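Generate the whole structure from the sequences, applying the supplied hints.
Chains as they are written, first to last, in numbering that gives the first Met the number 0: chain C, 0 to 182; chain U, 0 to 265.
Just to be clear, a hint being listed does not mean it is correct.
To be verified - FRET-style restraints, in silico, Cβ to Cβ:
id	chain 1	residue 1	chain 2	residue 2	range
1	U	G82	C	P84	45 to 51 Å
2	U	A58	C	G121	43 to 49 Å
3	C	D90	U	A58	36 to 42 Å
4	U	Y244	C	T37	42 to 48 Å
5	U	E216	C	Q170	44 to 50 Å
6	U	A135	C	S169	45 to 51 Å
7	C	G142	U	G82	30 to 36 Å
8	U	G189	C	D127	33 to 39 Å
9	C	E74	U	N198	37 to 43 Å
10	C	N32	U	E219	52 to 58 Å
11	C	D90	U	G189	21 to 27 Å
12	U	R163	C	G142	36 to 42 Å
13	C	D127	U	T18	55 to 61 Å
14	U	N212	C	T10	57 to 63 Å
Hint data in this document are derived by calculation from the structure and do not stem from the laboratory. Remember, predicted model here, so these are calculated numbers, not experimental data. Every residue, glycine too, gets a C-beta built ideally from N, C-alpha and C.
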Amino acid sequence: MAKQYKVVHCTVNGKEIEQVVDVRESLTDMLRNDLHLTSVKKGCEVGECGACTVIINGEGFNSCIYLAVWAEGKEIWTLEGLTGPGGELSDIQQAFVDEGAIQCGFCTPGFIMTSWEIVNSGKEYTDDELRKALSGHLCRCTGYENIFRAVKKTMLRHLGKFEEAELVNSQGITEYPDPMPFK
Amino acid sequence: MATKLLMAKSPEEAAVSKTASAAFVAGGTEVNRLGSDIAEKAETLISLKKCSGLDGIEADAGYVTIGAMCTFQDLVESDKVPGWLKEAALFMASRTKRNMATIGGNIAARRSDSYLIPALSAAGAVLELLGSDTKAERIGIVEYFDGAYDDKLITSVTVEKDIRLVSKRYANTAQSHAVLTMSAAMDEMGVYMNGAVKNVGLLHFCDLEKAFNDDPEISEDKIIEMVRTCTGLETADDMFGSDAYKRYLIAVTAFDLFKQLKGKEV
Numbered sequence: 000m001a002k003q004y005k006v007v008h009c010t011v012n013g014k015e016i017e018q019v020v021d022v023r024e025s026l027t028d029m030l031r032n033d034l035h036l037t038s039v040k041k042g043c044e045v046g047e048c049g050a051c052t053v054i055i056n057g058e059g060f061n062s063c064i065y066l067a068v069w070a071e072g073k074e075i076w077t078l079e080g081l082t083g084p085g086g087e088l089s090d091i092q093q094a095f096v097d098e099g100a101i102q103c104g105f106c107t108p109g110f111i112m113t114s115w116e117i118v119n120s121g122k123e124y125t126d127d128e129l130r131k132a133l134s135g136h137l138c139r140c141t142g143y144e145n146i147f148r149a150v151k152k153t154m155l156r157h158l159g160k161f162e163e164a165e166l167v168n169s170q171g172i173t174e175y176p177d178p179m180p181f182k
Numbered sequence: 000m001a002t003k004l005l006m007a008k009s010p011e012e013a014a015v016s017k018t019a020s021a022a023f024v025a026g027g028t029e030v031n032r033l034g035s036d037i038a039e040k041a042e043t044l045i046s047l048k049k050c051s052g053l054d055g056i057e058a059d060a061g062y063v064t065i066g067a068m069c070t071f072q073d074l075v076e077s078d079k080v081p082g083w084l085k086e087a088a089l090f091m092a093s094r095t096k097r098n099m100a101t102i103g104g105n106i107a108a109r110r111s112d113s114y115l116i117p118a119l120s121a122a123g124a125v126l127e128l129l130g131s132d133t134k135a136e137r138i139g140i141v142e143y144f145d146g147a148y149d150d151k152l153i154t155s156v157t158v159e160k161d162i163r164l165v166s167k168r169y170a171n172t173a174q175s176h177a178v179l180t181m182s183a184a185m186d187e188m189g190v191y192m193n194g195a196v197k198n199v200g201l202l203h204f205c206d207l208e209k210a211f212n213d214d215p216e217i218s219e220d221k222i223i224e225m226v227r228t229c230t231g232l233e234t235a236d237d238m239f240g241s242d243a244y245k246r247y248l249i250a251v252t253a254f255d256l257f258k259q260l261k262g263k264e265v
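This is how it looks when you write it as structure tokens:
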């Protein structure tokens, strides 16, 4: 049976693209195979592990179960789009490095994309909300605490709470000195 | 395997295009996943992503009508959606997946570990369907599962807002398939209990409802014994647990939910 193809027009990492895709092709396949954006990882391919997460029109999606043709007219961001022109890391990427939130690195791009959405939301998440917001991602190496700490510290810095970010301890808990200065 | 994709612009176009060899694709979490037998069996996929008029949440006179293409995250974020339905939507732990999965898709997929069907069934949700003749009809959600409506498009789901309903879901991890999802609702007529048991199916626990309605003070031991010896329940040993485990889980969950509905501590 003949396959059906369509042309997709969208913006990927700030660049307008036009791409012919098989109508059954996933967005992961289009980004990896056609656009060579290999930060988008193929993990479970059932939408459970979060390794393929990309930002579409400001929200995180599992690109492995998102049809490429649905991307028509959409604005898509992958990890490659976060680095500066000279390859400089964004603050959330640097926080992952600083906090040791990386081991094998397979889950990292997906985690960073969701974290990017969180830290740019302008909202101060509670620890519980932050853990829930990150729960669409599976990491078999780090045990999550370092990732949680990296995201929490970056979120606080984005909110201008630089001193508070430094009070986040190794368990990700903000340790206020007594008396609490940040209320 | 599906090789054609129709991007329907309207619910009518989608409904008219539905044939036995076609399948609807809503959010994509079920049809597009690796190993999906829906995509394997269908020749044509009918995408509902660009369909107008299938989103939106309207509240009116104690009822909430939810467009079939509303995502789980839409449910969680809406002020109009009752808490019991938000709780069921949050059983899907992944936010990225909640951004995709839709209420209509979750019902139509009829999964035996469905997130929403037990709660919607216990709440007596009403579905609006559109057939290939473009005639709309409204049916109770339980009726939808008798097989006569497979080719019809779900356009909206209506639920009562102020209903007492509680749910529980058991899975190894927040991301795992659940062995049991169960909901119980209560009104002046009595208690309603529905569940989804992995690899068994969507169940309406009529005997449990009768037992609780006949004797609200029934003991947990009696409920456990009743479910253990129930001949109508076709649970089996599999990787999700033994037959005995599943029956025990159904019994103690039913008892806990009933206690919760009565306002007692579990």
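- Query: If you check the beta carbons of U:A58 and C:G121, does the distance land in 43 to 49 Å?
  - Reply: For C:G121 against U:A58, whose Cβ atoms are near 28 Å apart, the range 43 to 49 Å is violated.
- Query: Do C:N32 and U:E219 keep their Cβ atoms within the hinted range of 52 to 58 Å?
  - Reply: Given a distance of about 56 Å, which is inside 52 to 58 Å, the answer is holds.
- Does the Cβ pair U:A135, C:S169 satisfy 45 to 51 Å? violated, 58 Å
- Consistency of beta-carbon spacing, U:A58 to C:D90, with hint 36 to 42 Å: holds, 41 Å
- For the pair U:G82 and C:P84, does the Cβ-Cβ distance stay inside 45 to 51 Å? holds, 48 Å
- With respect to the beta-carbon atoms only, verify the hint that C:D90 and U:G189 lie 21 to 27 Å apart. The hint (21 to 27 Å, Cβ to Cβ) is violated, given that C:D90 and U:G189 are roughly 57 Å apart.
- Query: Within 44 to 50 Å or not, the Cβ separation of U:E216 and C:Q170?
  - Reply: Given range 44 to 50 Å: holds, Cβ gap about 46 Å.
- Message: Given the hint of 36 to 42 Å, is the C-beta distance from U:R163 to C:G142 inside that range or not?
- Response: Hint holds: Cβ distance 40 Å, inside 36 to 42 Å.
- Query: Is the hinted range of 42 to 48 Å satisfied by the C-beta distance from U:Y244 to C:T37?
  - Reply: holds, 43 Å
- U:N212 versus C:T10 beta-carbon gap, inside 57 to 63 Å or not: Given about 58 Å between the Cβ atoms, the range holds.
- Distance restraint hint 55 to 61 Å, applied to the beta-carbon atoms of C:D127 and U:T18: violated, 47 Å
- Message: Given a hint of 37 to 43 Å, does the C-beta separation of C:E74 and U:N198 actually sit inside it?
- Response: About 41 Å separates the Cβ atoms of C:E74 and U:N198, which means 37 to 43 Å holds.
This entry does not satisfy hints 2, 6, 11, 13, going by the numbered hints stated previously.
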